[in-house]
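Novice: Heads up: the sequence lines are chains A and B, in that order.
For the first sequence, our numbering assigns the number 1 to the initial residue and increments by one for each residue that follows.
For the second sequence, our numbering assigns the number 1 to the initial residue and increments by one for each residue that follows.
By construction, these hints were calculated from the structure, which means they are not laboratory data.
Some clues are possibly wrong.
Stated by the list, open to error - Listed next, the in silico DSS-like pairs over lysine-lysine satisfying Cα-Cα at most 27 Å (straight line): (1) K2(B) to K813(A); (2) K449(A) to K813(A); (3) K323(A) to K2(B); (4) K813(A) to K577(A); (5) K788(A) to K670(A); (6) K814(A) to K48(B); (7) K593(A) to K48(B).
Unchecked claim - According to the in silico footprint, chain A covers these stretches of chain B (three or more CB under 8 Å from chain A): (8) 3–16; (9) 19–27; (10) 79–91; (11) 94–103.
Just so you know, these numbers come straight off a predicted model, no measurement behind them.
Cβ atoms here follow ideal geometry from the backbone N, Cα and C, with glycine treated the same way.
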Amino acid sequence: MSNGHLPVVVVIGNGMVGHRFCEKLRVSGQFRIVVFGEEPRPAYDRVHLSEYFNGKSASDLALPMTGWFEEEEIVLHLGHKIREIDRQQKLVHSDRGVIQRYDYLVLATGSSPFVPDIPGVEMEGVFVYRTIEDLDRIKAYASRAKSGAVLGGGLLGLEAAKALLDLGISQPHVIEFAPRLMPRQIDSSGSHALESSLKKLGLQLHLNKTTQSIEGHGRVEALQFADESRIPIDMLVISAGIRPRDELARLAGLAVGTRGGIVVNERLQTSDKNIFAIGECALAQGIIYGLVAPGYEMADVVATNLLGGNKTFGGFDMSTKLKLIGVDVASFGDPFAAEPDCGTIVFEDRHKGIYKRVNVSADGKYLIGGILIGDAAAYNLLLQTVNNRLVLPPDPSALILGNRDGAGEGAGVMNLPDEALICSCEAVTKAAICSAVTDKDATTIDAMKKCTRAGTGCGGCIPLVKDLIAGTMKASGLYVRNVICEHFEHSRQELFDLIKLHDVHTYADALAHWGKGDGCEVCKPAVASILASLWNETIVKQATIQDSNDRYLANIQKGGSYSVVPRIPGGEITPEKLIVLGKVAKKYNLYTKITGGQRIDLFGAHVGDLPAIWEELIEAGFESGHAYGKALRTVKSCVGSTWCRFGLHDSVSFAIEIEERYRGIRAPHKLKGGVSGCIRECAEAQSKDFGIIATEKGWNLFVCGNGGSRPQHAQLLATDIDKDTCVKYLDRFLMFYIRTADPLTRTATWLNKMEGGMSYLKNVVVNDSLGMGAEWEEEMQSLVDSYKCEWKEVVDNPELRKRFSHFVNAPRKKDPELQFDNLRGQTKAREW
Amino acid sequence: MKWVAACRVEDVPGDGGACVLLDGEQIAIFYFSRRDEWYATENRCPHKQQMVLSRGMTGSAGAACEPKVACPFHKKTFSLRSGECLSGEDYRIRTYPVKVKNGRVYVGLLQ
Chain A
1 MSNGHLPVVV VIGNGMVGHR FCEKLRVSGQ FRIVVFGEEP RPAYDRVHLS EYFNGKSASD
61 LALPMTGWFE EEEIVLHLGH KIREIDRQQK LVHSDRGVIQ RYDYLVLATG SSPFVPDIPG
121 VEMEGVFVYR TIEDLDRIKA YASRAKSGAV LGGGLLGLEA AKALLDLGIS QPHVIEFAPR
181 LMPRQIDSSG SHALESSLKK LGLQLHLNKT TQSIEGHGRV EALQFADESR IPIDMLVISA
241 GIRPRDELAR LAGLAVGTRG GIVVNERLQT SDKNIFAIGE CALAQGIIYG LVAPGYEMAD
301 VVATNLLGGN KTFGGFDMST KLKLIGVDVA SFGDPFAAEP DCGTIVFEDR HKGIYKRVNV
361 SADGKYLIGG ILIGDAAAYN LLLQTVNNRL VLPPDPSALI LGNRDGAGEG AGVMNLPDEA
421 LICSCEAVTK AAICSAVTDK DATTIDAMKK CTRAGTGCGG CIPLVKDLIA GTMKASGLYV
481 RNVICEHFEH SRQELFDLIK LHDVHTYADA LAHWGKGDGC EVCKPAVASI LASLWNETIV
541 KQATIQDSND RYLANIQKGG SYSVVPRIPG GEITPEKLIV LGKVAKKYNL YTKITGGQRI
601 DLFGAHVGDL PAIWEELIEA GFESGHAYGK ALRTVKSCVG STWCRFGLHD SVSFAIEIEE
661 RYRGIRAPHK LKGGVSGCIR ECAEAQSKDF GIIATEKGWN LFVCGNGGSR PQHAQLLATD
721 IDKDTCVKYL DRFLMFYIRT ADPLTRTATW LNKMEGGMSY LKNVVVNDSL GMGAEWEEEM
781 QSLVDSYKCE WKEVVDNPEL RKRFSHFVNA PRKKDPELQF DNLRGQTKAR EW
Chain B
1 MKWVAACRVE DVPGDGGACV LLDGEQIAIF YFSRRDEWYA TENRCPHKQQ MVLSRGMTGS
61 AGAACEPKVA CPFHKKTFSL RSGECLSGED YRIRTYPVKV KNGRVYVGLL Q
């Protein structure tokens, strides 16, 4: 080995902290590193262990990449337990016969689960929760178990309870000796809030319970408590705390604490100056640090000092934030500080299971610590406020009640001092992040992770890192322009204005004026949408710049077949038209389904059949439904006052009017609307881009709602307005959106990004604060007046019809690869 | 290799593609009007085995203007020169030589 002459550092333990130490030391090339790990696999992410039960594999959790040790020339002995440390000769002996000399020895032996001395712990079906092997055993056993319990209501215990839930054990029990959950991190009111959330999720919590024995015949059958109660269970996971693994150190005669832990000084040296202890096995200032961040800090201290630096470990903030079974739990600073040393502000929402407590210094100037349950969004900022002794605003209750309109939250991070620790897992300061932005051009989260490692640990600081990146870029005038793609150095909004100003009507012209290269699948449809919004010329004229669906005026589906959706305004359809849809579907062998937007979708059409299908539909009075376009889809309606005994106004007529007004208009993304005849809201209008709800006095107009993957309720724009005003506001709102939104941005996201949010939008649309109202109404009217059904144009034009074939050299032949199966008496696309 | 007549020049839309059936094979032909360049590839997108590449949007990537097509299904993009997947996956599509003579497009097929 090439590095044979170097001093040897032996690391016992290949857990998270031991591995971190290797990473810190290896870059120097000044040492030969030899690692012994007792587990059969290299270090893995124990913090996210419970994810092993919802999909992550052991290799997903692994910390080093395959081949990392070889590359770094680190010798790794896995499955080796060290039997003995010979301090005289500076040797370690493994149980598999390896003897290794060391110059420096680092003990990173971690901890083991504490198993209390309760009769019956040796029984089958009793587990601990620490390693991947433990999890495998739990998993195997859980498949035969119906009920289960976790002994211990601390952080790890609740994680284990989640694991049981994930494994299909319904309503697992959690047994805690203390009168509250997570007694080290949160107070009893916090515990109450957490309890109510966890109970809703199906946990059965038993506090103040002393377990007397584990009952069963060879395998666990029940838990017996000191209060003579008893619960039957099939399996038990013990998570009653940790015990430092100090047995090797004891054997070697190193000093250990009375309650365990290898005694170390502020340089993490044990009583032998050549032997160090880091992580959960070390007893530093009388404390065992059972979190990964302080362990990483210890690894850094030892590595730095071995490399000739001078660093000490001066204790570590035990603040923590985590998601327990989907419930945010955080505690920071001194969570338990109490009057009279400080003033405490508490906010509680029992209905939502939210509890927030902040402890403020007696003079009201500084934040000392606090607890957040149910909503920990403010954690990072609060932690920074404690750690950097930032002076509090005059009314500190805003800290937990929050700034309702959300304005100015991002600005807060820029006020942090340079030394503020942003990523505590990786010890990255604000200054390091800001300089990575300015000096190393790390302007994305991915680049930042590579550059500083910030955000690579628990990931909790990522929102803060994002704000810092954006803030730094803004401050240094570096703000990256929001451009469409590599071919256009403009935002959609800029391009919109340019195209309008220069009266450009084709993509080729736009590319020649402001673009480079040959365009791509991003800028072509974006420009196509702008051209359509501006000039409303039929999109079939420039078919090849349209997105997949727009090119064939139909939605491409599996197999390359298309679906056909005629417009059914407001969801109202005559029996005659229903019969036509049925006949057409039968003739062309199409699968039919009612859509979410109160229309009928016909699936499985061959591209070559599309013009003929539409010819028949148009003949019967149908028109394009634009289901394929970034355009208005439907305006959903409830039946309203024409039939409904609750209806206040005729919602169907209004929905039809609105749908026919905005049909065919191209926008940055699809648009959906809804009109409800009363507050019961059967049309679900508040989940739409615009929603109109009848009131006693007129209509309420809501905008910027969204279903989809991140549902968002629409917000109230105007109340009790008449129909004309409603249409006027809608015209303005839609034109404002069409002009300014980025490509493929729904109205909800557009609003979320808008500075000033809803109050700004209201000002622009209702109060006409930009003075654009009249121009937008006029533009909208000209779009409405120039509407034509695209399909009618195709059907009437033989040249355009020719484009709808699969093979240009055999136009009548259909794609032989397009195959269908049968499902419940209809066709379905063959699985791909 | 043999040259097979595929279609007429006007059968392929400018800056777009069309599919032809040649010797039982589905081949996508693309025309870049600004550059006056022709390309041909297999019509099958290797990602989900769909016969749709001819319906994809064409364009170019990078300073060297590598000609490419994006599959209409999931927007995997492929170089029309090398057939390589440009969206970072291990797919590759077959490419064919193209020539144009007297208004006809010919594709070179291996015999």
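Novice: If a hint holds in the structure, say so; if it does not, say that too.
Specialist: Tested hints:
A distance of roughly 24 Å separates the Cα atoms of K2(B) and K813(A); the hinted pair therefore holds under the 27 Å criterion. Pair hint K449(A) plus K813(A) does not hold up; C-alpha atoms about 53 Å apart against a cutoff of 27 Å. Proximity of K323(A) to K2(B) is assessed by CA-CA distance (about 65 Å); at most 27 Å being required, the pair is judged violated. At most 27 Å may separate the alpha-carbon atoms for a hinted pair to count; K813(A) and K577(A) exceed this at roughly 30 Å.
Our distance criterion of 27 Å between C-alpha atoms is met by K788(A) and K670(A), whose separation comes to about 18 Å. Proposed proximity of K814(A) and K48(B) is supported: the alpha carbons are some 19 Å apart, at most 27 Å. At most 27 Å may separate the alpha-carbon atoms for a hinted pair to count; K593(A) and K48(B) meet this at roughly 24 Å. Requiring three or more residues with a Cβ within less than 8 Å of a Cβ of chain A, the coverage given for the segment 3–16 of chain B holds, as 8 such residues are present.
Under the rule that three or more residues need a Cβ within less than 8 Å of chain A, the assignment of the segment 19–27 of chain B holds, with 5 such residues. Taking a C-beta to C-beta cut-off of 8 Å, the segment 79–91 of chain B contributes 0 residues in contact with chain A, too few for the three needed, and the coverage statement is violated. Coverage of a stretch by a chain is defined here by at least three residues with a beta carbon nearer than 8 Å to that chain's beta carbons; for the segment 94–103 of chain B and chain A the count is 0, and the condition is violated.
Hints 2, 3, 4, 10, 11 from the earlier list are contradicted by this structure; the remaining hints agree with it.
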